[in-house]
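If you read the sequences in order, they're chains A and B. Each residue of the first sequence is one higher than the one before, counting from 1 in the numbering used here. Each residue of the second sequence is one higher than the one before, counting from 1 in the numbering used here.
It is possible that part of the hints are untrue.
Identical copies look the same in the list; a pair holds intra-copy or inter-copy alike.
Capping the alpha-carbon separation at 16 angstroms, the derived lysine to aspartate or glutamate pairs in EDC-like fashion look like this [claimed, not checked]:
1. K366 / D172
2. K366 / E171
3. K394 / D22
It is worth saying that the hints were derived from the structure and are not from the lab.
Number of protein chains: 2
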Amino acid sequence: MTKSRTGNSKFLKAYNEAGILDLIRMKQPVSRAELSKKTGLSPTAIGVIVLSLLEKGYIHETGTGESKGGRKPVMLELKPDSYYSVGLDIDVDSIQFVLTDITGRLVHEGSVPLAVNTADSAVKASESCINDIMDRFSINRERMLGIGISVPGMVDSISHRVVLAPNLGWEDEDPAGMLRERLQLPVYMENEAMSSAICENWIGACQKASNFVCVNIKSGIGAGIFTGGMPYRGTSGSAGEVGHIVVDENGPRCGCGNYGCLETMASTGRVVEKARKMVRQGVVSSLNDLENVDAMSLENIAAAARAGDGAAMNLLDETARYLGIALSNLVNTLNPSRIVLGKDFTVYGDLVMGTLRSVIDGKALKRPATNVELLISEKGDRASTLGAAIIPLKKLFGR
Amino acid sequence: MTKSRTGNSKFLKAYNEAGILDLIRMKQPVSRAELSKKTGLSPTAIGVIVLSLLEKGYIHETGTGESKGGRKPVMLELKPDSYYSVGLDIDVDSIQFVLTDITGRLVHEGSVPLAVNTADSAVKASESCINDIMDRFSINRERMLGIGISVPGMVDSISHRVVLAPNLGWEDEDPAGMLRERLQLPVYMENEAMSSAICENWIGACQKASNFVCVNIKSGIGAGIFTGGMPYRGTSGSAGEVGHIVVDENGPRCGCGNYGCLETMASTGRVVEKARKMVRQGVVSSLNDLENVDAMSLENIAAAARAGDGAAMNLLDETARYLGIALSNLVNTLNPSRIVLGKDFTVYGDLVMGTLRSVIDGKALKRPATNVELLISEKGDRASTLGAAIIPLKKLFGR
Numbered sequence: 001m002t003k004s005r006t007g008n009s010k011f012l013k014a015y016n017e018a019g020i021l022d023l024i025r026m027k028q029p030v031s032r033a034e035l036s037k038k039t040g041l042s043p044t045a046i047g048v049i050v051l052s053l054l055e056k057g058y059i060h061e062t063g064t065g066e067s068k069g070g071r072k073p074v075m076l077e078l079k080p081d082s083y084y085s086v087g088l089d090i091d092v093d094s095i096q097f098v099l100t101d102i103t104g105r106l107v108h109e110g111s112v113p114l115a116v117n118t119a120d121s122a123v124k125a126s127e128s129c130i131n132d133i134m135d136r137f138s139i140n141r142e143r144m145l146g147i148g149i150s151v152p153g154m155v156d157s158i159s160h161r162v163v164l165a166p167n168l169g170w171e172d173e174d175p176a177g178m179l180r181e182r183l184q185l186p187v188y189m190e191n192e193a194m195s196s197a198i199c200e201n202w203i204g205a206c207q208k209a210s211n212f213v214c215v216n217i218k219s220g221i222g223a224g225i226f227t228g229g230m231p232y233r234g235t236s237g238s239a240g241e242v243g244h245i246v247v248d249e250n251g252p253r254c255g256c257g258n259y260g261c262l263e264t265m266a267s268t269g270r271v272v273e274k275a276r277k278m279v280r281q282g283v284v285s286s287l288n289d290l291e292n293v294d295a296m297s298l299e300n301i302a303a304a305a306r307a308g309d310g311a312a313m314n315l316l317d318e319t320a321r322y323l324g325i326a327l328s329n330l331v332n333t334l335n336p337s338r339i340v341l342g343k344d345f346t347v348y349g350d351l352v353m354g355t356l357r358s359v360i361d362g363k364a365l366k367r368p369a370t371n372v373e374l375l376i377s378e379k380g381d382r383a384s385t386l387g388a389a390i391i392p393l394k395k396l397f398g399r
Numbered sequence: 001m002t003k004s005r006t007g008n009s010k011f012l013k014a015y016n017e018a019g020i021l022d023l024i025r026m027k028q029p030v031s032r033a034e035l036s037k038k039t040g041l042s043p044t045a046i047g048v049i050v051l052s053l054l055e056k057g058y059i060h061e062t063g064t065g066e067s068k069g070g071r072k073p074v075m076l077e078l079k080p081d082s083y084y085s086v087g088l089d090i091d092v093d094s095i096q097f098v099l100t101d102i103t104g105r106l107v108h109e110g111s112v113p114l115a116v117n118t119a120d121s122a123v124k125a126s127e128s129c130i131n132d133i134m135d136r137f138s139i140n141r142e143r144m145l146g147i148g149i150s151v152p153g154m155v156d157s158i159s160h161r162v163v164l165a166p167n168l169g170w171e172d173e174d175p176a177g178m179l180r181e182r183l184q185l186p187v188y189m190e191n192e193a194m195s196s197a198i199c200e201n202w203i204g205a206c207q208k209a210s211n212f213v214c215v216n217i218k219s220g221i222g223a224g225i226f227t228g229g230m231p232y233r234g235t236s237g238s239a240g241e242v243g244h245i246v247v248d249e250n251g252p253r254c255g256c257g258n259y260g261c262l263e264t265m266a267s268t269g270r271v272v273e274k275a276r277k278m279v280r281q282g283v284v285s286s287l288n289d290l291e292n293v294d295a296m297s298l299e300n301i302a303a304a305a306r307a308g309d310g311a312a313m314n315l316l317d318e319t320a321r322y323l324g325i326a327l328s329n330l331v332n333t334l335n336p337s338r339i340v341l342g343k344d345f346t347v348y349g350d351l352v353m354g355t356l357r358s359v360i361d362g363k364a365l366k367r368p369a370t371n372v373e374l375l376i377s378e379k380g381d382r383a384s385t386l387g388a389a390i391i392p393l394k395k396l397f398g399r
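Let the hints inform the model, and build the full structure from the sequences given.
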C-alpha cells in the first residue's frame, strides 16, 4: 500500500537515498537518466538525491558514458575508500579480521590470538584490533560504517546477543553490545555460516541465487540458508544446524546426545583424529613419515592425498560420503540452486568433489539433485569474516 | 522505492483495492475511518475504494460499531456467498472437491471416483464436477473466482504444469491448462502438501506463523514449507520432499533407489502392510478378529490401539518414532515455530503424539526443539482440498 502522501518526508528521503545508492551499486557505472528511468522518479528528484550522495562521499562521478544522441551522460559509481567496515570472526583461539571499503573490496586482513576465550577477552581483543586498523588507515569515526562479528553459534537476530556458542563455551553473552558501548559505533552479530552466506550473496558465488545454502566445515558444521533472496534464520535463530543430521546410526556419541551426527563423522577434528588413529594402527600411508603425529593437520592429510596416498584419499572420500548423506537431505528438503562449501572444506574439496556429487546424485531425488550446483567457496577461510564486514554495508544500502 | 508518481493509476487502483480488501478480511468488522488510519490513505481515497468494493459485491456494510464520540461508524465485512471458489484434490482413485465462498467458509464438499487415472480422465471428471456444483448452487461464471487443484507431486509454480506425480503415474502433464481451456475460468495447480500449508496459513493453525511446515502422511509423505510468511517451493518446485529422508539404513528399498526412506517406513500403506504381516505371523492382537485381513485399514488399526490392543499400539508408536527421526532433521534445519501433521496422521495422531514429541525432544537440538509446536491438523483429510480452493481467493486479495 503506498504511503507517499502521509507526509513522513524525512523517512521517505532516507529510504529513497538508500534505494538509489543500492541501485548505483548494482548497475554501476550508471547515469542519472538511467536511474530516473529505472525508478520512475523524476530527473529533478534523482538530481537532488544524487547530489546528497555525492556530498556525503558515498559515490563519485566517473568519466562519461555512451550517448544515445545528445550530450554524453556523466556516470556514477560507488567511491572506493570513502567509507569502511570491519568484519571479525571469533573462533576458539583467535579472531580473524578484515577491513573492507564501501564497495566490498578487501583492504586489509589479519588475525589476533585469543589466549582466554571469554566474551570479555574477545571484546578487548576486538577493540584494540579495530583501533589499530583505524589508526593505521587513518579512518575517522565518521567514515567507519560499523563492525560485524561472526561467531560459531546461535545468535538472536533482533538483540544481536549470542544465545549459545558451544565451541566457544558461551551462553547468553552480549559481546556486540559491549563493543558498541566501548567504540560508540554500530556493531552487529551474526552466526558464522550465515555470515558466509551473506558474503557469497553480496560479493561471491550466490549474487544471483535466491535459494542457496552455505555449509561451513571446521570444528563444527553449520549451514547458512537463503530463501527467496533473504537470510532464513528460523523462528528462534537456529535454522541451519545441519551438523546434527544423523549420517551413521552406529557412529560415536555427539555433544547433542545423538549418535553419528554429521559433526561427529566429518568435522575437521574428527578427520584428523581418524588419520592419527590410522597411523597408530600402522596403515600404509605417507602420513607415517610425519615427525609428530600429534601435530598432524588437515593440510598434511590433503597434501598426502594429493601426492597419491591411497589411505589419506580414502579418509577424505569417506568424509565426503558422510557429507553427501546430510546434503542429500538438505537437497530434498530445500531444493536449493547452489550449495557452497566453505572453511576447511576448501583445503581438500577439489579432491572429493566427484565423490560428493555422486553421493548426492545417488541419494537425493533426481529433480532437486539435477538442479543443484555444488561449489567450493572461492573466499577460502575468510568468507564469514568478509560476510561480517558486509553487514554494516547492507544497512547503508537499505538491505 | 515508491512509484506513486509514475502515473500508472489503473495499476495503483487495482493494487489498492486488493490491499484494502485484504485489510478488511484481516480486520473485519472494520470501519472506513480505521482503514484510513491503518493505510495512511485519505478518507476520500478510502471512500472511493470501499464504494467500488461494495459495488462489486465483495464486501457489505454490517451494523454499526463502537463510537469514540460522534456518529457510530458503519462497519465493513467480506460478504458471505458473494463469490466462490472450487478446490480439487486429485488422488490415485478419486477426486475430492470443496466449494468455498469468498470468506473461506466451506459451503459444500464431496468426492468422485476415478476409474482410470490419466490426466485426461481427471480433467473430464473435474469439469463435470465443477459444472454440477455451479448448477446446484446457481453460481454463474462471474461469481466463480477460479479453481485450485492439488496433486501429490511436483508442480511448476510458474506454468502450473505437473512435472512429476509418481503415485498418479503422471509426468509433464497439464491438467490445469486443459481445464482452463474447457471452463474458461482461472485454474491453478499446487502440490498437495503446499496446498495444506496454504490452508493452515489462511484459515487454520498457522495464520500467525511465519516459518512452519505441514507434513502430509498418506501413500506418500511430503511437506509444505512456509518461510517468512510465504510459500517456499525451492528452485525447481520440489522443496519439502521429506518422505525421502533416510530413517533406517537397514529398511526396505524405496522407489527413489535408497533404503529405509521415511516413506518406506511410515506411509499408510506400509503401516497397514506391517499390521497384516503381524496378524499372519500370529501376534496376539484384536486385529486377528477382523473378517478379512486383506481389507484391513488404518482405521481398524487405530481403533484396535484405542481399545487397548498393545500390538496395534506398538505398531503406531514405531511409525511415530520413524516420523520423529525425520522431523528432528527438519527441526534442526528449518527451526519452524509449528509443524502441522495432516491427512492419514489425523486418524491416529492423538495416540502417538507423546512418542513423536519425545523423539524430537531427544533427537533435535534443544533450542529449536523447545521452540516448535507439534499439531494435528484440525482440517482432517480435507486441508489440501480447502487449500486448493484458497488459491483463487489469495489472488483476489493480492496475496
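How the hints compare with the structure:
1. For the identical chains of this complex, K366 and D172 are inter-copy neighbours only, at 15 angstroms across copies versus 42 angstroms inside a copy, given an alpha-carbon limit of 16 angstroms.
2. Only between protomers do K366 and E171 lie at most 16 angstroms apart by alpha-carbon distance; the minimum there is 13 angstroms, versus 41 angstroms within a single protomer.
3. For the identical chains of this complex, K394 and D22 are intra-copy neighbours only, at 9 angstroms inside a copy versus 31 angstroms across copies, given an alpha-carbon limit of 16 angstroms.
Checked against the numbered hints above, the structure violates none of them.
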